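S.K.: So the sequence lines, in the order shown, correspond to chains A and B. Just so you know, we're using numbering that gives the first Met the number 0 here: the first sequence kicks off at 0 and counts up by one. Just so you know, we're using numbering that gives the first Met the number 0 here: the second sequence kicks off at 0 and counts up by one.
These aren't lab readings, by the way, just hints derived from the structure by calculation. A quick note: this is a predicted structure, and the numbers were derived from the prediction, not measured. Hints may contain errors.
[Said to hold, decoys possible] With a Cα cut of at most 16 Å, we get these calculated EDC-like pairs of lysine to aspartate or glutamate:
| id | chain 1 | residue 1 | chain 2 | residue 2 |
| --- | --- | --- | --- | --- |
| 1 | A | 121 | B | 12 |
| 2 | B | 238 | B | 12 |
| 3 | A | 123 | B | 12 |
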Amino acid sequence: MRKAAAAHEMTASGHALGRTEATKARLNLFETIRPYLYVTPALAFFGVFFFFPIAYVIYLSFHDWSLLNLDEIEWVGLANFTALFEDADFRQVLGTTLIYTLSTVALGIGIAFFLALWLNRKAKIFGLVQAAVFSPHIISLVSVAMLWMWLMDPQYGLLNALLEFIGLPGYTWLSDTKSALLSLIIVSVWKGVGYNTLVFIAGLQSIPRDIYEAASLDRSPWWRTLTRITIPMLSPTLFFLLVINTISSFQVFDTIYIMTQGGPVNSTNMLVFYIYEQGMDFYNGGIASAASVILLGIVGLLTLLHFRVMEKRVHYR
Amino acid sequence: MRQAGLTAWKTVEWLLLAAVGLIFVFPFLWMFLTAFKTMPEVYQFPPTWWPESWQFQNFEIAWSSGPFLTYVWNSFLVAAGILVLQLLTGVPAAYAFARYRFRGREALFGLTLIALMIPAQVIFLPVYVEMSHWGLVNTLWALILPYGASAFGIFLLRQSFMQVPDEVIEAARLDNASEWKIMWTIMVPMAKPVLVTFGLFSFIYHWNDYFWPLIMTNSNEVRTLPIGISMLKAAEGGKLWNVIMAGNMILVLPILAIFFFAQRHIISAFVYQSK
Chain A
0 MRKAAAAHEM
10 TASGHALGRT
20 EATKARLNLF
30 ETIRPYLYVT
40 PALAFFGVFF
50 FFPIAYVIYL
60 SFHDWSLLNL
70 DEIEWVGLAN
80 FTALFEDADF
90 RQVLGTTLIY
100 TLSTVALGIG
110 IAFFLALWLN
120 RKAKIFGLVQ
130 AAVFSPHIIS
140 LVSVAMLWMW
150 LMDPQYGLLN
160 ALLEFIGLPG
170 YTWLSDTKSA
180 LLSLIIVSVW
190 KGVGYNTLVF
200 IAGLQSIPRD
210 IYEAASLDRS
220 PWWRTLTRIT
230 IPMLSPTLFF
240 LLVINTISSF
250 QVFDTIYIMT
260 QGGPVNSTNM
270 LVFYIYEQGM
280 DFYNGGIASA
290 ASVILLGIVG
300 LLTLLHFRVM
310 EKRVHYR
Chain B
0 MRQAGLTAWK
10 TVEWLLLAAV
20 GLIFVFPFLW
30 MFLTAFKTMP
40 EVYQFPPTWW
50 PESWQFQNFE
60 IAWSSGPFLT
70 YVWNSFLVAA
80 GILVLQLLTG
90 VPAAYAFARY
100 RFRGREALFG
110 LTLIALMIPA
120 QVIFLPVYVE
130 MSHWGLVNTL
140 WALILPYGAS
150 AFGIFLLRQS
160 FMQVPDEVIE
170 AARLDNASEW
180 KIMWTIMVPM
190 AKPVLVTFGL
200 FSFIYHWNDY
210 FWPLIMTNSN
220 EVRTLPIGIS
230 MLKAAEGGKL
240 WNVIMAGNMI
250 LVLPILAIFF
260 FAQRHIISAF
270 VYQSK
């Protein structure tokens, strides 16, 4: 059926009357290349601003160069990578990025899971709270970052006022090496948890009702329903969220740039901010592109894993 | 007895709902309240809830501290320009992926999906080098062109084009309509809900974007609103929170207003990727 339709598509305009063989042939050729013409503009953009840059950054990572003078570029082999891994600062940056990512992903998904189980109901008030929880997701990170800087102001901020109100001492938030990273994690979880919640809710709603009806006929207790039905049925959603959240946590930049500039004492310096500083402020193009390649490797692996699992899912269906 | 227990639980649940709602909404309310306070009131501890007198001039101070009209206009130009380009490149690509069989289709569509996953932060450095080779750094082109095609848009539109029944297209072909015309005058109008969804997603995303304009611009004529707002912090010596919050309202209010009126569309736009 499909094939017939496709064959028809290919020759659709050939049916018109009174055409010579030559025009027919030309038309056929045009029909063959038409799909390629249609996808070319989009793919050209991807090529120039996406696939070429990927290859280019790998090329640049094997060279010593700087944004100050792009004509002077020198092959250095793996020197940038060895320099990075021998650098204690960079190892710290990687470690901080890892801690940040693990905590943000675990908290963001964990909290969202319980919120989703709770908020997945028809009554209007639940829809309202869903919208409220989601609203930070569509607000610019610039505003979110500045708003939280103000809330976390150690002297006049609302958070410390609330802490003192319930009799607790004020917290140091962004001003201390011990608490700055945690503060950034809180902001990121606050902004992102609503998205995760709504994705979980969409997943919950796609679980067929009759499975639950069968479970309740069997008098299955709620925790068994949760662990035997809900969680397994949600596993594709959970996996999707794990990948998306991990990739986006690795990209953290805006909050660092606005709220901490990597400080205090480098305690919130993470991968993208490091690349930005090395490349744009310190003019170490080679180091910055080598760090970009490491980030590319991480994100690429996650993407590959994602595609593999998605393929499997499609096959099982 | 059981009835009483149920009502008690209902009350607790309502309180919990209110608490969760407040955690996410109250910070915005606090932004709003701070934006109307005087400086001495901002620096009062413990803070006051309601402004003692409503200071509308905070907005004027924020607005006149930089060329904000230019920032707003640039933000609009960039977000709208990107959306137009994405539709011009995305509609034909999605149509081809959805409706034609051709060699290499799966592979080319696979490339599109890869572009969906890798974020800008990974490749900003080589793109910056490209832009500076072409002399486009610090122009609006540097903000628009890299986003000229949207993998997400192609993905969404393809899905929607595939659902159009074959009969519709057959009928149009019998009327001798050209493929190009079928695509724009029959397929696109039928995909309207998806277009709205994608349009909202793309516009909000680029209106909010901070990272890319930060990298690509360094003078006021081409800066966008998020950059202008973030500069309030430095320009005002760092601590005029009432003015800073007033500035942020300019950035946040349009989005919250759209969210208020098109909540369902926006939620489905942002959550769609999960399906």
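S.K.: Run through the hints listed earlier and report the numbers of any the structure violates, in increasing order.
M.R.: When the structure is compared with the hints, only number 2 turns out to be violated.
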